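Engineer: In case you want the letters, here they are:
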Amino acid sequence: MITSHKDRYVLGVALALLFMLGIPASLVLGSEPGAPAELPQEVPPPPQPGDVIGVLGPDGDPVTCATGEPLMVKVPGAGPQASASANAEPLPNQDPSEIVTEAKDSATQATSPELPAADGYVGWQERVTPLVPICGVNGEAVWEPLGASDAAGISHR
Amino acid sequence: MVTARRTKEPPRRKHELIAMGVLCLWLVGVIGATAIAHPRENASLQYFNTDPEVGRCSVTVGRIADGNSAQGFTRSIISYHKLFTPRRECLQEGVSRPTGHLAARYDWFAYKNGKWSMCHSTDWRTNPRPVSSWSVYTDWSVRKCGSAIYLTRGWGSVVVQGSWSTASADSPTHRF
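Top line first, the protein sequences correspond to chains A and B. Per this note's numbering, residue 42 is the first one in the first sequence, and the count goes up by one each step. Per this note's numbering, residue 2 is the first one in the second sequence, and the count goes up by one each step.
Simulated from the structure, these hints should not be mistaken for lab results. Please note that the accuracy of each hint is not assured.
[Said to hold, decoys possible] Quick look at which bits of chain B chain A covers, simulated, 3 or more residues with Cβ under 8 Å:
| no. | segment |
| --- | --- |
| 1 | 91-102 |
| 2 | 118-129 |
| 3 | 132-141 |
| 4 | 154-166 |
[What the hints assert, rightly or not] Computed list of chain A residues with no C-beta within reach of chain B, every gap over 10 Å:
| no. | residue |
| --- | --- |
| 5 | D102 |
| 6 | G109 |
| 7 | P117 |
| 8 | T170 |
Just so it is clear, the structure is predicted and the values come from calculations on it, not from any experiment. Each residue gets a CB set at the ideal place from its N, CA and C atoms; glycine is no exception.
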C-alpha cells in the first residue's frame, strides 16, 4: 500500500523515468532522422538528371493526359542556368570576350558603392513560385508557374 | 496582539515541485531537440583556385523541413566562401558576389507506390544584389503531391572566372 508521502514521491519519480526513457522516442520524436517509419530502407536513390519519370498530381495520383498516357518529364539538370538573365553571366550567344572575369569582378567589388566594404557572410533569399509540369497539346510536358492552370480553368493539375 | 506565524512548507509540496521541475526540463529538451532536428539538409562543396594564393569554395545545400504549415518546406542555398588552401577547408567567412553571379533552383520529388515522381521544380533565380549566400524556398501550405516521401534537390551555381560552376545536393527524405 502506498501510504506515505515518500512512497508517492518514489512512485512519481519511477513513472517519470519510465515516461522519459520509453514513450517519447516513438511518440514525440516520430519524425526524427533514422526513425524506421520515417525513412524506410527500401526507398531507392532519387532520379538523376535526364531520367524520365512520372508526375504526381495534388491528389497524390499520377497525372494522365487527355491522350490517356501518363504525363512524363525529363528530370532537370544543370543546363538552364546558362540562360539565366543577369548582369554578367555568359549568355548563349554572347561574345566570349565580353564575359566578365574573376579579376574584373574583384575590381568591381573594390569600387562599387553598392557592395559591402568588407567580405562577410551576407545572405539574401526569395520565396519562389514553383513550376509545375502539365500536359501539352500532344501529351508532352510543359512547365508553367503553379496556379496558372487554376486561373485558366485547366483541370488536370 | 496579532502574531504572524510562518508555516513550514510540507514535504509533499517540495516533492511535487521537484517532479514538476524535472518534467519541465524534459519537455524543454524534447521540444528543443525536435526543433533542431528540422530542417534537415545535405550539402556539396566545390573548390576553386581563383589565384595562386587565394582559394574559394562554394556550398550548395538541399534542405527539407516541416514548414509553417507542417506540409513541407523546400530550400536551395548557394554560398561562396574563403578557402583555407593548405588544408582545403571551406571557411565560414563569405565572399560577396556581384548581382547575377549566384543562381539557385530546386527540384521537389515525391516517392510513392515504389516510384519516384516529379512534383515541382523552379527556374534558375539569380541574386538581385551583392551577397555571399543566395537561396530560394517554398513553404507549402498544402501537400502538393499528396501523402508521400519527399526530397529536395537543391541546385546552386556561381560565376567563377567567367563561367558558371554548378553543383547539386539532395536533402534527406521526409514523409509528409
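Engineer: So, against the hints stated earlier in the document, which numbers end up violated here?
Structural biologist: Going through the list in order, the structure violates hints 5, 7 and 8 and respects the others.
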